[in-house]
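Asker: Residue strings, one per chain:
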Amino acid sequence: MGKIKSLEDLMKIKESTLKDLKMRDTDKRGKIIVAMGTCGIAAGAKETLKAIVDILSEKGIEDIAVVQSGCFGLCDVEPTIEVRIGENEPVIYGHVTPNQAKRIIDQHILEGKVVSDLVVKRGEL
Amino acid sequence: MPAVENTIVICAGGACISAGEISVKESLENTLKEYALEEVVQVVETGCMGACDLGPIMVIYPEGIFYQKLNSENVKKIVEEHLLKGRVVKEFLYTGPTGEVKEKPQEELPFFKKQIKIATRNLGVVDPLSIEEYIARDGYFALTKVIKDMSPDKVIEELKKSGLRGRGGAGFPTGLKWEFAKKAEGDVKYVICNADEGDPGAFMDRAILEGDPHTVVEAMTIAAYTVGANKGFIYVRAEYPLAIERFSRALETAREYGFLGENILGTDFSFDIEIRIGAGAFVCGEETALINSIEGQRGIPRVKPPYPAQKGLWGKPTLINNVETYANIPPIILHGGDWFAQFGVEGSRGTKVFALAGKVNNTGLVEVPMGITLRELINEIGGGVPNGKKLKAVQTGGPSGGCVPEKYIDTPITYDTLKELGTIIGSGGMIVMDEDDCMVDVAKFFLEFTVEESCGQCTPCRDGTKRMLEILERITEGEGTEEDLEKLKELGEHIMKTSLCGLGQTAPQPVLSTMRYFWDEYEAHVKEKRCPAKKCKELTRIVIDREKCVGCTACARVCPVNAITGSVRQPHEIDPELCTRCGSCLEVCRFGAISKVSP
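Chains P and A are the protein sequences, given in the same order. Following UniProt numbering from start to finish, the first sequence increments by one per residue and tops out at 125. Following UniProt numbering from start to finish, the second sequence increments by one per residue and tops out at 599.
Simulated from the structure, these hints should not be mistaken for lab results. Do not take every clue at face value.
[To be verified] Sample of chain A residues at the chain P side, in silico, Cβ under 8 angstroms:
no., residue
1, L265
2, F269
3, F591
[Claimed, not checked] Okay, derived cross-link-like pairs now, BS3-like style, lysine-lysine, Cα gap no bigger than 30 angstroms in a straight line:
no., chain 1, residue 1, chain 2, residue 2
4, P, K5, A, K148
5, A, K145, P, K3
6, P, K19, P, K46
7, A, K69, A, K33
8, P, K5, A, K90
9, A, K529, A, K596
10, P, K5, P, K19
11, P, K3, A, K113
12, A, K154, P, K12
13, A, K69, P, K59
14, A, K90, P, K102
15, P, K113, A, K90
16, P, K14, A, K161
17, A, K160, P, K5
18, A, K33, P, K5
19, A, K148, P, K19
20, P, K31, A, K113
21, P, K3, A, K154
22, P, K113, A, K113
23, P, K113, A, K69
24, A, K114, A, K231
25, A, K69, P, K102
26, P, K5, A, K183
[To be verified] Partial list, derived from the structure: chain P residues whose beta carbon lies under 7 angstroms from chain A:
no., residue
27, K3
28, I4
29, K5
30, L7
31, L10
32, K14
33, L18
34, G30
35, D63
36, V67
37, S69
38, G70
39, L74
40, N88
Glycine included, every Cβ here is placed at the ideal spot set by N, Cα and C.
Please model the entire structure based on the sequences and the hints provided.
Answerer: Set out below in structure tokens:
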């Protein structure tokens, strides 16, 4: 990427990134965002992230991207993850231990059913 | 036909059926018939609800109460208690992964309602390592707008319009600060970001640097352009390794994209940022001590004036703002000062991030418009005080702040209202206290912190806080006198008047504010040698009621210091000399035989 010189350059990146984020939803069916702030990591987000990556590869699920983000404030329910599938309303889950991550992958990712007992928030942040 | 009053949705997914859903349903229907409820209670089977490991499960509407792990026996009890008597049967409710009881797990937490996110708008939304995602959320558009279309004076004008005040604690108007730095004469100027967040309980700056580092890079660059600086520093404490790592990455990518370094956005404006890591002294959060520390000097405050805007880093005009203040800048530039000023109230515009901690259900970071009441913040967003305890007070502003008692809980949170109550917003730490907290002990905690962190440069703070702590220690040990109380107040007032820097000038606040609102507690400690909250170790004893004790030995087994003795089926005894008042025995006694007493 070259240096940005103008608003037009910036707009191009914005649009292509927004398209990429969408693309990720079409060529990748969806994504799992793991909150990796200090609070999340202290609560075990690294183990959760590792478990998610392991379970996905174990089950041969290749159409889900795994990315990370910062803390969105609800440190009490860390580790938190957000699941976005296609155009569906995103869902944020709390207290996601490796075992709960497996439930979320089995039910939400594979069967499209929200794991209601772990939900802390639906919709955009 | 009578109208249906309740609908019970029972899960008939494969997992629940194999866990016994059919017999649960039969038992439910039989019990409903027994109580002639079959016409007003509708039972509906649904497909898998998703919580298979909790099955069989059912939800009773209209309330939406969720019961788990049912069998033919407990479902009868639910009919008798819930449907007939209207009482929720707690023991069969869904318990969350951490064991907390949630009546309605499907419903999201009210935590997010009432929040307005400006400074924390990207937290949890963008990948902190991806500059493209930041740009996709309008990142660096404010910088481009400033450099291409706005004069420095216009930037300052928008900031003044916005009413933004420093979020680090002192609350100085940001627009004015930028104006002073711009107007200051000097060939070289500096921009600093204060990320030496040290108040116990506050962690919004860390969260912003970890979750959205580019917002600080962008804002510092805007600041540099505005005041005419070419060099910036961010002073982060060493305790925040992840923040340092992510901010370094943000600096690298910003340079690659031309937002930092030589000829920013193709213009002749150049600016770069260097990271300085603080070794963990609380006083280095004070701006002049921080500047000394960057220079390689001992981290002690300087005399003000001159203010950093006139004579700061290496004697040059320096603009210094806190992380959260910077995080508000790009949205203000993009949407305008008036947009920002629509949030909040007169004198306190915009939003503030608070770190909720202590005796509150939803601990964490929240961003709310200024002027929201403490009650809304604690009870609605925070979810109230846990375990049915009563709210006693809220400590705001960390070691420089004070306690607001429960009777003022409807006070709107603004710089001015909290000041009237003898406390400050500070950096936004908010510690909730319930009836089990002793206010003398709380004051002692904060003073211990100040004594530990006083830099030692000026006598009132160095010696004065130490003497105050000694008095508080005497009081909590039952050795205090009425003269001590007077001395405590007098000393506190002197320290506030005579200390050199803001830390010393506010250090006695936690003591004075608790004395102001909880005088009776101080008196109880001194006159009656009693701790009303039963917290102070020397004034509290744990006793066993010989009548109630059945000699189950549970307490003796759990006591970490073997202070409890007694033989099986005989009343036990506690040796007060050995007992540390840890309370472990209180938790395990199932007969209510153990209690804390303060004479």
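Asker: Does each hint fit the structure? Answer for all of them.
Answerer: The hints, checked one at a time:
no., hint, in the structure
1, L265, "holds, 6 angstroms"
2, F269, "violated, 13 angstroms"
3, F591, "violated, 33 angstroms"
4, K5(P) x K148(A), "holds, 10 angstroms"
5, K145(A) x K3(P), "holds, 17 angstroms"
6, K19(P) x K46(P), "holds, 29 angstroms"
7, K69(A) x K33(A), "holds, 23 angstroms"
8, K5(P) x K90(A), "violated, 62 angstroms"
9, K529(A) x K596(A), "holds, 15 angstroms"
10, K5(P) x K19(P), "holds, 22 angstroms"
11, K3(P) x K113(A), "violated, 40 angstroms"
12, K154(A) x K12(P), "holds, 27 angstroms"
13, K69(A) x K59(P), "holds, 29 angstroms"
14, K90(A) x K102(P), "holds, 28 angstroms"
15, K113(P) x K90(A), "holds, 27 angstroms"
16, K14(P) x K161(A), "holds, 29 angstroms"
17, K160(A) x K5(P), "holds, 29 angstroms"
18, K33(A) x K5(P), "violated, 77 angstroms"
19, K148(A) x K19(P), "holds, 26 angstroms"
20, K31(P) x K113(A), "holds, 25 angstroms"
21, K3(P) x K154(A), "holds, 26 angstroms"
22, K113(P) x K113(A), "holds, 25 angstroms"
23, K113(P) x K69(A), "holds, 20 angstroms"
24, K114(A) x K231(A), "violated, 39 angstroms"
25, K69(A) x K102(P), "holds, 20 angstroms"
26, K5(P) x K183(A), "holds, 29 angstroms"
27, K3, "holds, 3 angstroms"
28, I4, "holds, 5 angstroms"
29, K5, "holds, 4 angstroms"
30, L7, "holds, 5 angstroms"
31, L10, "holds, 6 angstroms"
32, K14, "holds, 5 angstroms"
33, L18, "holds, 5 angstroms"
34, G30, "violated, 16 angstroms"
35, D63, "violated, 19 angstroms"
36, V67, "holds, 5 angstroms"
37, S69, "holds, 5 angstroms"
38, G70, "holds, 2 angstroms"
39, L74, "holds, 5 angstroms"
40, N88, "violated, 15 angstroms"
Hint check: violations occur at hints 2, 3, 8, 11, 18, 24, 34, 35, 40; the rest are consistent with the structure.
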